[in-house]
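Peer 1: Produce the complete structure using the sequences and hints provided.
Each chain, written out:
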Amino acid sequence: MPSSPLCLSLCGVALQNPVIAASGTFGFGHEYAEILDVSRLGGISGKGLTLHGSAGNKGVRVYETPAGMLNSIGMENPGVQHFVDREAAFMRALGPAVIANLGGHCEEDYLEGTRLLNGADIDILELNISCPNVKAGGMALGMLPDTAADITRKVKAVSRHPVMVKLSPNASELVRVARACQEAGADALSLVNTILGMAIDVKEKCAVFDNIYAGLSGPAILPIALRMVHQVAHAVSIPVVGLGGIASAEDALKFMMAGARAVQIGTMSFANPSAMLEVIDGLAGYCASEGLSNLQEIVGII
Amino acid sequence: MAIIQSNQQIAQGIWRMAISGAPTGRAGQFFMLRVPGAVNLLLGRPISICQSDAGTGETTFVYQTVGRGTAQFATLKPGQEIDAQGPYGNGFSLKEGHTVIIGGGIGTAPLLQLAKELRVGDPDRRIDVYLGFREESYLENAFELYADSVTVKRGGFVTGDVDFSLNAQYYACGPAPMLRAVANAAEKANATLFLSLEKHMACGVGACLGCTCQTNGGRKRICKDGPVFDYREVRDAI
Numbered sequence: 096m097p098s099s100p101l102c103l104s105l106c107g108v109a110l111q112n113p114v115i116a117a118s119g120t121f122g123f124g125h126e127y128a129e130i131l132d133v134s135r136l137g138g139i140s141g142k143g144l145t146l147h148g149s150a151g152n153k154g155v156r157v158y159e160t161p162a163g164m165l166n167s168i169g170m171e172n173p174g175v176q177h178f179v180d181r182e183a184a185f186m187r188a189l190g191p192a193v194i195a196n197l198g199g200h201c202e203e204d205y206l207e208g209t210r211l212l213n214g215a216d217i218d219i220l221e222l223n224i225s226c227p228n229v230k231a232g233g234m235a236l237g238m239l240p241d242t243a244a245d246i247t248r249k250v251k252a253v254s255r256h257p258v259m260v261k262l263s264p265n266a267s268e269l270v271r272v273a274r275a276c277q278e279a280g281a282d283a284l285s286l287v288n289t290i291l292g293m294a295i296d297v298k299e300k301c302a303v304f305d306n307i308y309a310g311l312s313g314p315a316i317l318p319i320a321l322r323m324v325h326q327v328a329h330a331v332s333i334p335v336v337g338l339g340g341i342a343s344a345e346d347a348l349k350f351m352m353a354g355a356r357a358v359q360i361g362t363m364s365f366a367n368p369s370a371m372l373e374v375i376d377g378l379a380g381y382c383a384s385e386g387l388s389n390l391q392e393i394v395g396i397i
Numbered sequence: 071m072a073i074i075q076s077n078q079q080i081a082q083g084i085w086r087m088a089i090s091g092a093p094t095g096r097a098g099q100f101f102m103l104r105v106p107g108a109v110n111l112l113l114g115r116p117i118s119i120c121q122s123d124a125g126t127g128e129t130t131f132v133y134q135t136v137g138r139g140t141a142q143f144a145t146l147k148p149g150q151e152i153d154a155q156g157p158y159g160n161g162f163s164l165k166e167g168h169t170v171i172i173g174g175g176i177g178t179a180p181l182l183q184l185a186k187e188l189r190v191g192d193p194d195r196r197i198d199v200y201l202g203f204r205e206e207s208y209l210e211n212a213f214e215l216y217a218d219s220v221t222v223k224r225g226g227f228v229t230g231d232v233d234f235s236l237n238a239q240y241y242a243c244g245p246a247p248m249l250r251a252v253a254n255a256a257e258k259a260n261a262t263l264f265l266s267l268e269k270h271m272a273c274g275v276g277a278c279l280g281c282t283c284q285t286n287g288g289r290k291r292i293c294k295d296g297p298v299f300d301y302r303e304v305r306d307a308i
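Protein chains in written order, with the numbering used here: chain A, 96 to 397; chain B, 71 to 308.
If you're looking for bench data, these hints aren't it; they were derived computationally from the structure. Worth double-checking, as some hints may not be accurate.
[Unchecked claim] Calculated lysine-lysine pairs in the DSS-like style (CA-CA distance at most 30 Å, straight line): (1) K298/A x K223/B; (2) K223/B x K165/B; (3) K269/B x K300/A; (4) K153/A x K258/B; (5) K153/A x K165/B; (6) K269/B x K298/A; (7) K258/B x K223/B; (8) K269/B x K258/B; (9) K153/A x K300/A; (10) K153/A x K251/A; (11) K269/B x K165/B; (12) K165/B x K258/B.
Peer 2: Here's what the structure looks like:
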């Protein structure tokens, strides 16, 4: 039987298609499994985990902007052990590749979290060094090549799973950070996390978010994310997973032509829960109309 | 995709929209409403069911134009499509016996379907409704179809008129100061009170964690674990 034109291998993991639910937008799959056929997805990246869990940020957490949204959730999560004990098997049973997203407040948290995840049936560890909404750790490690490489090297030394490093668009030298992660042993890169933004309530004369700054996502950031994916994909040889404002199959194709082997979709699922399934159908239609035996043929053609 | 059957202003800044072609829900549940293709206004808006008719398949919403999203809803015409995801959330749990319903402003909207379901469930029970509005009132005539008494107050606090010492179930929805006043009064009288809460939401299904609130049972999502809570659970959230 000929293989599906959408299938691919990512870090040695077989994906039925290149559409992955982005971390922080899909829980651990329970909620959307009630309203759509999540088994059709290529993969699911679970809610970002921290070693001990977190209640997240206080105050306003989401705020719509033109063609996008700001969020300041602050990594609310039940902790790594809860995930290992209670969520990983559920995610596996859904069918798509299982990606655990791991954040942290310090190096030891990341390494202990990685050790705990070694005991879980997951396919890929997504190392989150790019969350802009937590004060310590989080994005700080992803801002500079040396710190990004250091945590990548240490996590790689401990992890039994392939490690995909999720990069921050807020790093001033993103390409150098990407290269440093590759040299430190990263198996793949995913980008971009949210772009640091801000909202002000003019009527109340105050910042909307308790943390002042928050992460911008959605179609508004697509051209920036696309440019960054293009730059990074041309600077590294490991697989790149692209994300940032993808709302349609056409958007997904842009990221793949720019060099992404796979894509993640997040914010658009909030607006339209069926968005990812529509993208998968659109990509299949594209392969048929273009006569592609595999969609990977278009990766990096620009 | 649902179709708009009617969309009319019923008071200053208050609109009633009826749609067909979406699944019908229960009192206290809500839909994420969104104009299809409106990428500039990206997210759906959580709007509670005001009236739900399983027979005709129509769902009616009463909404206030408070921001860009609801202002856009007010421009929609009958026959146009609207994306109605839902119904989401847990509705009100219907208790037996004498019921007191307290609504403030646009918070009165989800209580109409509640009054209807309570009346349909028990034609003989007593239902007292208290509605408070800053200025212009609305929906009070619709409540009269189901309630034994409807007390309307314009300006001031309607909660002052409510006797919380009755052997009754209390339900409330409205602005946070009203909910706090109702919760305080219920606590003093040791009454049974359920509150319907709201907060900005991105997904409406419990995935984004944008609407979580602190409860005495840990952090809960207003969209998925609520929006109706026992007031004792959410004292810190209102």
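Peer 1: Indicate, hint by hint, whether the structure satisfies it.
Peer 2: Cross-check of the supplied hints:
no. : hint            : verdict
1   : K298/A x K223/B : holds, 28 Å
2   : K223/B x K165/B : holds, 26 Å
3   : K269/B x K300/A : holds, 20 Å
4   : K153/A x K258/B : holds, 29 Å
5   : K153/A x K165/B : violated, 33 Å
6   : K269/B x K298/A : holds, 19 Å
7   : K258/B x K223/B : holds, 23 Å
8   : K269/B x K258/B : holds, 27 Å
9   : K153/A x K300/A : holds, 19 Å
10  : K153/A x K251/A : violated, 33 Å
11  : K269/B x K165/B : holds, 25 Å
12  : K165/B x K258/B : holds, 21 Å
Against the hints set out earlier in the document, violations occur for numbers 5, 10.
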